[in-house]
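J.: Here is what each chain is made of, one letter per residue.
Protein chains: 2
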Amino acid sequence: MRHKFLPAFVCLMLFISMQASAKVRGESVIVSIDSEVLDESRELIIHLPNNYSRYTDTSYPVLYLTDGQRNFAHAAGTLDLLSQDGMAQEMIIVGITNTHRARDFTPTHDESYDQWGISGGADDFLNFIEAELKPFINSNYRTNNYAILSGHSLGGLLSVYALQSRPEMFQAYFAFSPSLWWDSEVIFSDAAKFLSQPEDLNKYLYVNMGNEGGQMLSAFERYKELLNTSNREGFSYDTNLDVSESHNTTALAGMSLAFQKQLTSLRPSGAVIEEGVTAIQQYYKDVSKKYGYNAKPSYKAINHAGYNALEKQDYDTAISIFRSNTESYPNKSDGYDSLADGYEAAGKLNKALEMRKKALAISYKENVENNALKTRLDNLQQKISGDQK
Amino acid sequence: MRHKFLPAFVCLMLFISMQASAKVRGESVIVSIDSEVLDESRELIIHLPNNYSRYTDTSYPVLYLTDGQRNFAHAAGTLDLLSQDGMAQEMIIVGITNTHRARDFTPTHDESYDQWGISGGADDFLNFIEAELKPFINSNYRTNNYAILSGHSLGGLLSVYALQSRPEMFQAYFAFSPSLWWDSEVIFSDAAKFLSQPEDLNKYLYVNMGNEGGQMLSAFERYKELLNTSNREGFSYDTNLDVSESHNTTALAGMSLAFQKQLTSLRPSGAVIEEGVTAIQQYYKDVSKKYGYNAKPSYKAINHAGYNALEKQDYDTAISIFRSNTESYPNKSDGYDSLADGYEAAGKLNKALEMRKKALAISYKENVENNALKTRLDNLQQKISGDQK
Numbered sequence: 001m002r003h004k005f006l007p008a009f010v011c012l013m014l015f016i017s018m019q020a021s022a023k024v025r026g027e028s029v030i031v032s033i034d035s036e037v038l039d040e041s042r043e044l045i046i047h048l049p050n051n052y053s054r055y056t057d058t059s060y061p062v063l064y065l066t067d068g069q070r071n072f073a074h075a076a077g078t079l080d081l082l083s084q085d086g087m088a089q090e091m092i093i094v095g096i097t098n099t100h101r102a103r104d105f106t107p108t109h110d111e112s113y114d115q116w117g118i119s120g121g122a123d124d125f126l127n128f129i130e131a132e133l134k135p136f137i138n139s140n141y142r143t144n145n146y147a148i149l150s151g152h153s154l155g156g157l158l159s160v161y162a163l164q165s166r167p168e169m170f171q172a173y174f175a176f177s178p179s180l181w182w183d184s185e186v187i188f189s190d191a192a193k194f195l196s197q198p199e200d201l202n203k204y205l206y207v208n209m210g211n212e213g214g215q216m217l218s219a220f221e222r223y224k225e226l227l228n229t230s231n232r233e234g235f236s237y238d239t240n241l242d243v244s245e246s247h248n249t250t251a252l253a254g255m256s257l258a259f260q261k262q263l264t265s266l267r268p269s270g271a272v273i274e275e276g277v278t279a280i281q282q283y284y285k286d287v288s289k290k291y292g293y294n295a296k297p298s299y300k301a302i303n304h305a306g307y308n309a310l311e312k313q314d315y316d317t318a319i320s321i322f323r324s325n326t327e328s329y330p331n332k333s334d335g336y337d338s339l340a341d342g343y344e345a346a347g348k349l350n351k352a353l354e355m356r357k358k359a360l361a362i363s364y365k366e367n368v369e370n371n372a373l374k375t376r377l378d379n380l381q382q383k384i385s386g387d388q389k
Numbered sequence: 001m002r003h004k005f006l007p008a009f010v011c012l013m014l015f016i017s018m019q020a021s022a023k024v025r026g027e028s029v030i031v032s033i034d035s036e037v038l039d040e041s042r043e044l045i046i047h048l049p050n051n052y053s054r055y056t057d058t059s060y061p062v063l064y065l066t067d068g069q070r071n072f073a074h075a076a077g078t079l080d081l082l083s084q085d086g087m088a089q090e091m092i093i094v095g096i097t098n099t100h101r102a103r104d105f106t107p108t109h110d111e112s113y114d115q116w117g118i119s120g121g122a123d124d125f126l127n128f129i130e131a132e133l134k135p136f137i138n139s140n141y142r143t144n145n146y147a148i149l150s151g152h153s154l155g156g157l158l159s160v161y162a163l164q165s166r167p168e169m170f171q172a173y174f175a176f177s178p179s180l181w182w183d184s185e186v187i188f189s190d191a192a193k194f195l196s197q198p199e200d201l202n203k204y205l206y207v208n209m210g211n212e213g214g215q216m217l218s219a220f221e222r223y224k225e226l227l228n229t230s231n232r233e234g235f236s237y238d239t240n241l242d243v244s245e246s247h248n249t250t251a252l253a254g255m256s257l258a259f260q261k262q263l264t265s266l267r268p269s270g271a272v273i274e275e276g277v278t279a280i281q282q283y284y285k286d287v288s289k290k291y292g293y294n295a296k297p298s299y300k301a302i303n304h305a306g307y308n309a310l311e312k313q314d315y316d317t318a319i320s321i322f323r324s325n326t327e328s329y330p331n332k333s334d335g336y337d338s339l340a341d342g343y344e345a346a347g348k349l350n351k352a353l354e355m356r357k358k359a360l361a362i363s364y365k366e367n368v369e370n371n372a373l374k375t376r377l378d379n380l381q382q383k384i385s386g387d388q389k
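Taken in order, these protein sequences are the chains called A and B. According to the UniProt record's numbering, the first sequence is numbered sequentially starting from 1. According to the UniProt record's numbering, the second sequence is numbered sequentially starting from 1.
It should be emphasised that the hints constitute simulated quantities derived from the structure, not laboratory data. Note that the coordinates shown come from a computational prediction; the quantities given were computed from them, not determined experimentally. One should not assume that every hint holds.
One copy or two, either will do: identical chains are not told apart, so a pair holds if it fits within one copy or between any two.
[Said to hold, decoys possible] Listed below are the simulated DMTMM-like cross-link pairs for lysine to aspartate or glutamate, each with C-alpha atoms no more than 25 Å apart in a straight line: (1) 358 with 40; (2) 383 with 242; (3) 23 with 90; (4) 261 with 114.
Assemble the whole structure, with the sequences as input and the hints as a guide.
T.: So this is what it looks like as structure tokens:
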């Protein structure tokens, strides 16, 4: 199927079925891990992507989500919708439920907030994630070495603190309404130095803020200014002030944009796609090196390159690109649908028909919306029977 | 716990735990229903709220969601986060998966879009919902007779068409990026007349649009103008043009606002809450009559009234209001926490301690974030042991 750069009306076709066999997309499991570092048991709510158990040759990025119980369902739901359209990567989500929130998320002890319980345990909590949680997840699930830390409020403070103190731990950091005001804005004592270091910083950071005031907002603005002065090679970030959201909804509203922007930080430009498959493959080799994980050329980029060839009426190249994409992503119904587009444009209607049938059949296993596949199959069948009259 | 109207810093306390026993909030089930009206089997993805199986005396509103497979997870996730903060009602979600999308969502046959398959079956589809689906859901689940129809794109067109042609079927209608351009804007042939009728229209409508152009946008603007001319008593609506969202993400982004605004359409004003419990109870009697369902006085409104009394240092009234709320909502940990606030303010520390322990114990069964409950229990225990020295 042709994606992206499409006018709204054509996008509608994304959604136009036959008898479906619905399943709930993805699965959630509860796991407990005994932490020696924290001297307590920690509960995890883990979400595995749609078809995780079928795509046994696929490994996934991991989203580590603090305030797990609160943020798990909306993060999983947002990711589900976006990944259906290729607007976010499919990921394993590890929601960490709280034991002592104020302790785990704060880098220092601030006695003004002792009513929230003891504070200043962020280093221990990051030790737990680094030495116990990540190894546990990596040994029990198919992960690809790309990991994101996501937090809201005090959890957002933790994300920024983790970026500054342990940039090697994650590839991306999400900080929704971060409490950068904590302990007289102690986070800033290292921020300027960190952001002006000469070394490359191959990381992505997303920070947002809602309709909030006081030091919550002013510390966000202060951090934003610092970010704008950073020249660190490889570092990309986005900040978003959305006054239509409250403190309590900035993680919900921001998650969508954070996922999309984080994916953008990994994507080839239109110019690279225009150059064709070899350039795209080289791009992903560079991405793999830059972020330290095995970045497979994205389905969508290769698919675009195929449609670029199709537009130039270079049918053989288009068909060859689409076919290679079905080989790289054999469980993706859309790949066969694109290949069918190639055959149909080249006038090879019977081969196109075969691929449209295959796309539809796979879509049921893949558990995706397939109205458009069905309609295009119907249309092609009518075209073939019309030709034969 | 004190809610709403709180500055950001105090809101943080919402999130500050002890050993939790995490569960995945809510449960999803797949159900099939044979439709005589449509002469086909339809699959439903149903989400039951957190604690549905425990709160056996509670009945819930129902959200009927078209394009079910696509929109199920994000709608459930958004609702989960918002309902944790009392910013949306807990609901049963019925996702209807597609068979022939273009057929079911369009009120007329438009031959210009025959490539999407046959169109014009909206009346049949609404007959199916009215005569088969709603009775099926109402007889199998604990529903409270308040129902919402939600749709995106062509599904949004269906929502608006259902409002105009069958306003009795639902209490609220969500239309995200509705395809109001369909068949030369045929939806407008009845819109002006419908919106200017003299009868009351006790309904809520939410319509949004993203960064879209052409007739998609202009038809939205045209409908918005018509809405602004409507004087129908009881009718409330919100429209939102959010150019930061694309056609594909308006349902994801808009769901949060739609849930919040729909709840606002049912809520008593601050003035009513200020008047106290009797006024709130009368308000909900009126709401029940207006929308035709049994609207229980909201936990949050009564809780506010309790804190209003507490602010006036009218401890007996506050305690009495908080206690009545625990009787109405016996499974809600927050109710006991508020009652503890009442006792603590009145200097009845041992009774407060008992309620804080009860709040914490119930929070584990309730499966909610409980850091703040734990911290307040700790603080009270310290206060009591300090007093005793």
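J.: Now, for every hint given, state plainly whether the structure supports it.
T.: Going through the hints against the structure:
| no. | hint | verdict |
| --- | --- | --- |
| 1 | 358 with 40 | between (51 Å within a copy, 23 Å between copies) |
| 2 | 383 with 242 | neither (49 Å within a copy, 40 Å between copies) |
| 3 | 23 with 90 | both (17 Å within a copy, 23 Å between copies) |
| 4 | 261 with 114 | neither (36 Å within a copy, 36 Å between copies) |
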